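Asks: Read off the chains here:
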Amino acid sequence: MDKEELKIKISKLLPTAVYEDGGDWLNIIVDSNKWLSYAAILKNDGSLLFDYLFCLTCIDWKTHLTMVYHLSSTKYRYNIVVKSNLDINTPKIETVSQIWQTANFHEREVYEMFGVNFLNHKDLRLLILPDGWEGKNPLRKDFEDLINMIKL
Amino acid sequence: MTEEIGTTADGDLIINVGPQHPATHGVLHLVITLNGETIKKVEPHLGYIHRSIEKMCESLTYRQFSYVTSRMDYLSSHINNHACALIVEKGLQVEVPARAKYVRVILDELTRIASHELWWGAMAMDLGAFTPFFHAFRERESINDIMEETCGARLTMNYIVPGGLMQDIHPNFQKRVKDFISLYKSKIDEYDELVTGNIIFQNRMKGVGFISAEDAISFGMSGPAARGSGVNCDIRKLYPYGIYNQVQFDQVLETAGDSFARYMVRIREMKQSVSIIEQLIDNIPEGEFLAKTKVVLKLPKGEFYTRVETARGELGVYIVSEGATTPYRIKFRSPGFSNLSALDTMARGSKLGDLVAMMGTLDLVIPDIDR
Chain H
672 MDKEELKIKI SKLLPTAVYE DGGDWLNIIV DSNKWLSYAA ILKNDGSLLF DYLFCLTCID
732 WKTHLTMVYH LSSTKYRYNI VVKSNLDINT PKIETVSQIW QTANFHEREV YEMFGVNFLN
792 HKDLRLLILP DGWEGKNPLR KDFEDLINMI KL
Chain B
2 MTEEIGTTAD GDLIINVGPQ HPATHGVLHL VITLNGETIK KVEPHLGYIH RSIEKMCESL
62 TYRQFSYVTS RMDYLSSHIN NHACALIVEK GLQVEVPARA KYVRVILDEL TRIASHELWW
122 GAMAMDLGAF TPFFHAFRER ESINDIMEET CGARLTMNYI VPGGLMQDIH PNFQKRVKDF
182 ISLYKSKIDE YDELVTGNII FQNRMKGVGF ISAEDAISFG MSGPAARGSG VNCDIRKLYP
242 YGIYNQVQFD QVLETAGDSF ARYMVRIREM KQSVSIIEQL IDNIPEGEFL AKTKVVLKLP
302 KGEFYTRVET ARGELGVYIV SEGATTPYRI KFRSPGFSNL SALDTMARGS KLGDLVAMMG
362 TLDLVIPDID R
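Read top to bottom, the protein sequences are chains H and B.
All letters in the first sequence, in the order written, are residues 672 to 823 by the working numbering.
All letters in the second sequence, in the order written, are residues 2 to 372 by the working numbering.
Rather than coming from a laboratory, the hints here were simulated on the basis of the structure.
From a predicted model like this one, the values you see are computed outputs, not experimental measurements.
Wrong hints could be hidden among the right ones.
[Unchecked claim] Here are the computed lysine-lysine pairs in the DSS-like style, where the Cα-Cα straight-line distance is at most 27 angstroms:
#1 K238(B) to K272(B)
#2 K272(B) to K207(B)
#3 K678(H) to K754(H)
#4 K299(B) to K812(H)
#5 K302(B) to K733(H)
#6 K674(H) to K705(H)
#7 K41(B) to K793(H)
#8 K302(B) to K674(H)
#9 K678(H) to K91(B)
#10 K176(B) to K188(B)
#11 K746(H) to K238(B)
#12 K91(B) to K754(H)
#13 K705(H) to K733(H)
#14 K714(H) to K238(B)
#15 K812(H) to K56(B)
#16 K302(B) to K678(H)
#17 K683(H) to K754(H)
#18 K674(H) to K238(B)
#19 K674(H) to K91(B)
#20 K91(B) to K293(B)
#21 K272(B) to K179(B)
#22 K56(B) to K733(H)
#23 K678(H) to K238(B)
#24 K302(B) to K56(B)
#25 K754(H) to K302(B)
#26 K733(H) to K299(B)
#27 K793(H) to K42(B)
#28 K754(H) to K56(B)
#29 K763(H) to K714(H)
#30 K186(B) to K272(B)
#31 K754(H) to K674(H)
[Claimed, not checked] Stretch-level coverage of chain H by chain B, calculated; a stretch enters the list once three of its residues show a Cβ under 8 angstroms from a Cβ in chain B:
#32 721 to 727
#33 736 to 750
#34 764 to 774
#35 799 to 809
We put the CB at the ideal spot given by N, CA and C, even for glycine.
Build out the structure end to end from the sequences listed, making use of the hints.
Replies: Structural data, given as structure tokens:
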């Protein structure tokens, strides 16, 4: 199934989703308020079954943050990319860790590296950074560490 | 935050395994809640070897950043470099010479054998058998010698570069690989005699660390760890790269979902790797080994994603480019990170002693998890 057919199929299920060109796969942009209900549809709808969340990450665009979810269906072998834009000052989005269990660790990583607050996440705390880490989030573009310089 | 030592209100004991523990093979820290000897919860604490490779790559050029990836999963460094080369070639639409494609796949499979060798020896040692470690390292040494002669390095190769290979293969390469393969074929059966058929070993592996196919997918597991649960996830088959679509090999699947199934997947996979190398080694085409590229590489504005099958599973490289000489954002989706997240589900209800077998069959490489 090519991108266009998949787009037609998904637009029926996700009415307010917007589509973006580029990349290998269909890019879908959803509103962060809608993400949780849309995620459940993508996972459970019998004609899609996106059961494999193979990449979850975030991008800092300086004006806003973008959450990026790469999803795959192990039954139909479709791949899609779902994105959601978040406010840079108070980034928050619903967790999907109860839908895809891998999101638990990946969201914790995004939480500490980008400062995104995952609402209703059961265990949202530092994973990689040391206990007691205070200050800015390392993968934000405005992060500067004066002691351990990593600029080359 | 869980208390890291002592007892809980229910009278359960909390103990720490690692970060300095021989069975974690690196600096992995597990906080384990125990009821008697039964595991109630396993909580990994990561980051002891976190180097922020993703942040570092934001200030490295497209030629430089693949060198850092050799230090992620250091046992699959060729395959990591291959992923980085593929994504740059995809962005710049560079056609790689056939010779380089053949050599890349041969090296990938040699790397996979070497990695599984180390896993086999170390895992047997975790379970108390010391001899297999020496057997495994004896064969792995031959692969390291081939790598050293060809690439100049034994562990962090950096030989696969955007456009092809850094230099042509050594004149001895084909002969030495063939010598190794003929020697190695007799050794794999020896492994079965030494370990696989051993009744004590089987008792410690069978029925231990079960994970269902559904859970394995939900946890984002990949590679031999997921194929032990019958998940069809070999990237070489599903999304072929290089010349994997031109070689004959089987995707190894086991359905039991326990430690022994994951063990058997890797053992059988080594035989498949041998077969792939045999198909290619006599047919390496003559010609260029490196395509002509510009001195300064700039990926066009946009997003790129490639996925390859490392010895541990699916490595994804995600690049967001703004058209500059360095990536705007880069994400490495490492197989170990997702595989480790399933450990808690896998271990609950098991005995503490079996945890070592589970960690062994997940084949964790800590720098790959922490990045």
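Asks: Now look at each hint and say whether the structure bears it out.
Replies: A quick look at each hint next to the structure:
Restraint check: the Cα-Cα separation between K238(B) and K272(B) comes to about 16 angstroms, which is no more than 27 angstroms; the hinted pair holds. Taken as a hint, the K272(B) and K207(B) pair is honoured in the structure, with Cα atoms around 22 angstroms apart against an allowance of 27 angstroms. About 15 angstroms separates the Cα atoms of K678(H) and K754(H), which keeps this hinted pair within 27 angstroms; it holds. For the hint linking K299(B) to K812(H), the alpha-carbon distance of about 20 angstroms falls within 27 angstroms, and the restraint holds.
Annotation: proposed proximity of K302(B) to K733(H) holds, straight-line Cα distance about 17 angstroms (limit 27 angstroms). Among the hinted pairs, K674(H) with K705(H) is consistent with the structure: their alpha-carbon atoms are about 22 angstroms apart, no more than 27 angstroms. Simply put, K41(B) and K793(H) have alpha-carbon atoms about 18 angstroms apart, close enough for the 27 angstroms limit, and the pair holds. Between the alpha carbons of K302(B) and K674(H) the distance comes to roughly 21 angstroms, so the proposed pair stays at or under 27 angstroms and holds.
A hinted pair counts as satisfied when its Cα atoms are at most 27 angstroms apart, and K678(H) with K91(B) qualifies at roughly 24 angstroms. A threshold of 27 angstroms between alpha carbons decides the hint, and for K176(B) with K188(B) the separation of about 19 angstroms falls inside it, so the pair holds. With a C-alpha separation of about 15 angstroms, the suggested pairing of K746(H) with K238(B) holds against the 27 angstroms cut-off. A hinted pair counts as satisfied when its Cα atoms are at most 27 angstroms apart, and K91(B) with K754(H) qualifies at roughly 22 angstroms.
Taking the CA atoms of K705(H) and K733(H), the gap is about 23 angstroms. The hint holds against a cut of 27 angstroms. Proximity of K714(H) to K238(B) is assessed by CA-CA distance (about 24 angstroms); at most 27 angstroms being required, the pair is judged to hold. Between the alpha carbons of K812(H) and K56(B) the distance comes to roughly 9 angstroms, so the proposed pair stays at or under 27 angstroms and holds. Straight-line distance between C-alpha atoms of K302(B) and K678(H) comes to about 23 angstroms, which keeps the hinted pair within the 27 angstroms bound.
Restraint check for K683(H) and K754(H): satisfied, since their Cα atoms lie roughly 18 angstroms apart, inside the 27 angstroms limit. Straight-line distance between C-alpha atoms of K674(H) and K238(B) comes to about 21 angstroms, which keeps the hinted pair within the 27 angstroms bound. For the hint pairing K674(H) with K91(B), the CA-to-CA distance comes to about 19 angstroms; that is within 27 angstroms, so the pair holds. Of the pairs offered as hints, the one joining K91(B) and K293(B) holds, with about 15 angstroms between alpha carbons and a cut-off of 27 angstroms not exceeded.
Proposed proximity of K272(B) and K179(B) is supported: the alpha carbons are some 15 angstroms apart, at most 27 angstroms. Restraint check for K56(B) and K733(H): the C-alpha separation of about 15 angstroms stays at or below 27 angstroms, so the hint holds. For a cut-off of 27 angstroms, the pair hint linking K678(H) to K238(B) stands: about 26 angstroms separates their Cα positions. At most 27 angstroms may separate the alpha-carbon atoms for a hinted pair to count; K302(B) and K56(B) meet this at roughly 19 angstroms.
In summary, the hint linking K754(H) to K302(B) is supported, as the alpha carbons are separated by about 17 angstroms, within the 27 angstroms threshold. Note on K733(H) and K299(B): the hinted pairing holds, with a Cα-Cα distance of about 22 angstroms set against a maximum of 27 angstroms. Between K793(H) and K42(B) the alpha-carbon distance is near 15 angstroms, which keeps this suggested pair within the 27 angstroms criterion. Of the pairs offered as hints, the one joining K754(H) and K56(B) holds, with about 21 angstroms between alpha carbons and a cut-off of 27 angstroms not exceeded.
A distance of roughly 21 angstroms separates the Cα atoms of K763(H) and K714(H); the hinted pair therefore holds under the 27 angstroms criterion. Restraint check for K186(B) and K272(B): the C-alpha separation of about 8 angstroms stays at or below 27 angstroms, so the hint holds. Between K754(H) and K674(H) the CA atoms are separated by roughly 16 angstroms; this keeps the pair inside 27 angstroms, and the hint holds. Beta-carbon proximity to chain B at under 8 angstroms applies to 5 residues in the region 721 to 727 of chain H; the threshold of 3 is reached and the given coverage holds.
Against chain B, the region 736 to 750 of chain H contributes 4 residues with a C-beta closer than 8 angstroms to a partner C-beta. That satisfies the three-residue criterion, and the hint holds. Coverage of a stretch by a chain is defined here by at least three residues with a beta carbon nearer than 8 angstroms to that chain's beta carbons; for the region 764 to 774 of chain H and chain B the count is 3, and the condition holds. Requiring three or more residues with a Cβ within less than 8 angstroms of a Cβ of chain B, the coverage given for the region 799 to 809 of chain H holds, as 5 such residues are present.
In the structure shown, no violation is registered for any of the earlier numbered hints.
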